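**Student:** From just these sequences and the hints, can you work out the full model?
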Amino acid sequence: MSRLSLLVVALLLATAAASISRMAVTECPHHPGQCQDPSTGEFHTAGSEWYHQGECQKFTCAFPEIIITGCPSIDVEPPCFVVDGDPALTYPACCPAGACSRPAHTLDENVIA
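For the sequence shown, the residue numbers in mature numbering (1 follows the signal peptide of the UniProt record, and there is no 0) are -18 to -1, 1 to 95.
For the record, the hints were derived by calculation from the structure and aren't laboratory data. Bear in mind the structure is a predicted one, so any value in this text is a computation, not a measurement. Any given hint might turn out to be false.
Stated by the list, open to error - Below, a list of computed lysine to any residue pairs in the SDA-like style, where the Cα atoms sit at most 25 Å apart:
| no. | residue 1 | residue 2 |
| --- | --- | --- |
| 1 | Lys40 | Glu9 |
| 2 | Lys40 | Gln18 |
| 3 | Lys40 | Pro69 |
| 4 | Lys40 | Ala70 |
| 5 | Lys40 | Thr27 |
| 6 | Lys40 | Gln16 |
| 7 | Lys40 | Gly23 |
| 8 | Lys40 | Ala28 |
| 9 | Lys40 | Gly15 |
| 10 | Lys40 | Glu59 |
| 11 | Lys40 | Ala75 |
| 12 | Lys40 | Ser30 |
| 13 | Lys40 | Gly52 |
| 14 | Lys40 | Tyr73 |
| 15 | Lys40 | Cys53 |
| 16 | Lys40 | Cys76 |
| 17 | Lys40 | Thr8 |
| 18 | Lys40 | Pro14 |
| 19 | Lys40 | Val64 |
| 20 | Lys40 | Ala6 |
| 21 | Lys40 | Ser83 |
| 22 | Lys40 | Ala(-2) |
| 23 | Lys40 | Ile2 |
| 24 | Lys40 | Ser1 |
| 25 | Lys40 | Pro60 |
| 26 | Lys40 | Pro78 |
| 27 | Lys40 | Ser21 |
| 28 | Lys40 | Met5 |
| 29 | Lys40 | Asp68 |
| 30 | Lys40 | Cys77 |
| 31 | Lys40 | Ile56 |
| 32 | Lys40 | Thr72 |
| 33 | Lys40 | Ser55 |
| 34 | Lys40 | Ile50 |
| 35 | Lys40 | Thr22 |
| 36 | Lys40 | Pro20 |
| 37 | Lys40 | Thr51 |
| 38 | Lys40 | Pro61 |
**Tutor:** What follows is the structure, encoded as structure tokens:
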């Protein structure tokens, strides 16, 4: 396997390990079994997912907790580099990603100079 192929595989593995945290929620008697988003006050049913504008995270109600999934850490080596995510998009499209550059030009062996 070529070195570039190994780098591409490493990039794919790096992007697969998202950052995950958990937040305990208290049950509301008027909304049993639901998760209340502390930022918005909205209630979400178990298993539902939602996003906050401008935050590159996914929130999932797994009562009695909210699971918060964020972008993984990206660590690449040359010739690869990190491309910033687009904050206007929702998770995971907003996450930074690794990319590998191609040579600026290649030599065609069939062309005689």
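**Student:** If you test the structure against every hint from before, which numbers come out violated?
**Tutor:** Violated hints (numbers, rising): 10, 21, 25, 38; every other hint is consistent with the structure.
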